[in-house]
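S.K.: For reference, the chains in residue letters:
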Amino acid sequence: MADFEVPKFREIPIIPEPHPGVMAHSKPFVAKEEFQKPLGYPGELVDNWQEAALDKMKDLLGKYRSLRLFLDICVKCGSCTDKCHYYLGTTDAYNMPVARQDLLRKVYRRYFTFAGKFFGKLGIPGFVGAADLTKEVLDEWYSYFHQCSQCRRCSVFCPYGIDTAEISMAAREIMDSVGLGQKYSNEIIGKVFKVGNNLGLPGPALEDTLEGLEEDVYDDTGVHVRFPLDEEGAEILLVTPSADFFAEPHIDGLIGYAKVFHEVGASWTLSSYASEAANFGMFIGSYENMRKVSLRIRKAAQDLGVKRIIFGECGHAWRVAYSFLNTLAGPFDFLDPNYPVPQHICEYTYGLIKEGRLKFDKSQNDHMVLTFHDSCNVARASRMGDFPGGQFVIPREIIKATCNHFYDMDPDTVYDSTYCCGGGGGLLTDDLIELRVKGALPRMEALKRVVEEHGVTHMAAICAICKSQFTKIFPYYGFELDSIVSVHQLVSNAIILSDQKKAEEEASETAEAAETEE
Amino acid sequence: MSTVSVIYAALFYFATAVLVLGVAYKIYVYAKTPAPLKIPTTPAPLTVAGVVWRMFREVVFFHSLFRGNKWIWLFGWVFHFSLFLVLARHLRYFTNPVWDWVVLIQPFGKYASFGMVIGLLGLWARRFLVARVRFITSPSDHLMLALLVAIALSGMSMTFVSHTDIVSLKAFFLGLIAFDPQPLPADFNLLVHLALVATLMIVFPISKLLHAPGVFFSPTRNQVDNPREKRHLAPWAAELERQSST
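Going down the list, the sequences are from chains A and B.
Note that my numbering gives residue 54 to position 54 of the first sequence, counting from 1, and the numbers run on in steps of one.
Note that my numbering gives residue 127 to position 127 of the second sequence, counting from 1, and the numbers run on in steps of one.
Just so you know, these hints were derived from the structure itself, not from any lab.
Hints are not guaranteed to be accurate.
Stated by the list, open to error - Straight-line alpha carbon distances no greater than 16 Å define the calculated EDC-like cross-link-like pairs of lysine to aspartate or glutamate that follow:
{"id": "1", "chain 1": "A", "residue 1": "K8", "chain 2": "A", "residue 2": "E434"}
{"id": "2", "chain 1": "B", "residue 1": "K230", "chain 2": "A", "residue 2": "D386"}
{"id": "3", "chain 1": "B", "residue 1": "K32", "chain 2": "A", "residue 2": "D59"}
{"id": "4", "chain 1": "A", "residue 1": "K63", "chain 2": "B", "residue 2": "D180"}
{"id": "5", "chain 1": "A", "residue 1": "K63", "chain 2": "B", "residue 2": "E241"}
{"id": "6", "chain 1": "B", "residue 1": "K70", "chain 2": "A", "residue 2": "E434"}
{"id": "7", "chain 1": "A", "residue 1": "K121", "chain 2": "A", "residue 2": "D132"}
{"id": "8", "chain 1": "A", "residue 1": "K292", "chain 2": "B", "residue 2": "E241"}
Quick caveat, the model's predicted, so the values are computed rather than measured.
Construct the complete structure from the given sequences, taking the supplied hints into account.
M.R.: In structure tokens form, the structure reads like this:
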């Protein structure tokens, strides 16, 4: 199935010994000029790239305290060394968070600190962990800063909260600015600017898709559940990852949101202009591009005259939405101040459940025994609800309200200790499949344990990337590819639509009438 | 006054200047460099009081490190807590009269030096024995540990083996503080100890020892989790906004 070895499940999760360089060959495709230019980056590696890279680094050091501080204060204690899923799955020493940071830190030390300059002049920069910026170093950067999914697990266990995601983002921004961009992320951002979503799905195609969904749901339930698009004057703007429009199991989640809105008679709409929740500007560490993508949501909300913004199930998107949207595209003083901006669909559904406005038939999910995968950026870079940790409680409460069988995985692999799916942070591309498969190992091991102990059959998630990643890599580990489900898919399965009862009654009355006529 | 006394007086003025000015400069840089985005590692406190409590747990108990690795935590915490007691005890050489609480912790401060050495040796052993830590260790990391161990041992030699002329020593430092230099006892152990301490002070602002002031500025630990309630905007980001709206 693959031209690399799929890691074996470890009987006892012993921390692997480091093997420097075994994943040095893993590099995503480099962005060509057509994908670099729309983002404002040079089309290819510029001639004076060393100078340009150091200039950019200086610029970023002045703009981001996180970068400056994190490069200075690491004491190399080693607490993070066994925390990265890519290290555990690949055993490459450079996938230890501190070693990954050191790839940038050694250049910082060489050119921006007294110690590095001093020992550099003596010809022994390595004495203080400094190194010249050479082509080899740039190659290392390209390889290993694309082996970080910006999941922040390392930052949880660092005594100073050093977050490798911040370092990876800066490194990618530096590489982009000298013309060494990553095709996958940059092409996608270009599509958002041009079409409005990551898939490049134009408005008419989106409209067709949504009409098709309305028909499917009607065939299934006999209820006219609407999937409105660009409806001015709607109360709620739903911004959801574009994968929700066509990919499995994402689309079943979208049907779940629509059923919830329908059941409580909410007035809502999607936008073709802002038909994407994900914001890949974060992956490449570009404030400007992240802001441009975010402003589309602001504009859509203003143009459609909505009062609230709700985000669909998406991990990194929810980080940008929850933590950054107000900064990037605020203030949202034109929206209803009674609701947080933005809200997560899980917050919305959970609120309705607590108010008793949704009724469920849990037995509809009885064919599944569930566990829940906390998506990294929801877990460690955002919140839901009005208390710390709501991002863990609320999705689980929704699952428990809609399913009879739920078991959590090992506590060391959930909540804020959760492992990334292996495909986050701009790495969900086929040119990185080896990395994605290997990086999923810790999550797969935890899943295997609940499968064996509790007979778990399905894992629920609230992130488009997680869902796509697991669909792809489950078969490598012997799981069925459809064992991953959306949380709102469970809602969709179990929700009792009031109209459905009416429709069923009418249908049976018509049938009876037809029988008597005969 | 002997040449040695003059050299040491000059050395300590220099080291103090480097330490104070260097750290002050670094703190200034950290304080003025904006954190343009809200990036607390969540779950994070929703209030400033909550952040103070989180920081207190980090600085006093090394809470995140405890979650991360029990061995590093054990050695690291024992070293730092011992260092705190030892430093506090040393205040007696710089104050006259000696503060009551410093008198009170004197015995603890003396024996804490063993804790320092044990903690340091534990951390150092990991740099040799654990392959992952060995990989991330630079020569300067070994040297830093060697320096601290040497400071501890040279100090302990005067506490537990052969006492130095502590009265003259105190006169020397009080003299430095009053800008009225006094002679320093030319005791070998003492001269070694003081030279190493001065080295540490000079290295402090240009090394990873910056983690001490730095931790307080870490945006993943010191930010309040309230991005939806309160708009967070860095000055350069506001400027960017102004430019793109015109």
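S.K.: Just pull the numbers of the violated hints for me, sorted ascending.
M.R.: Of the numbered hints, 4, 6 do not hold.
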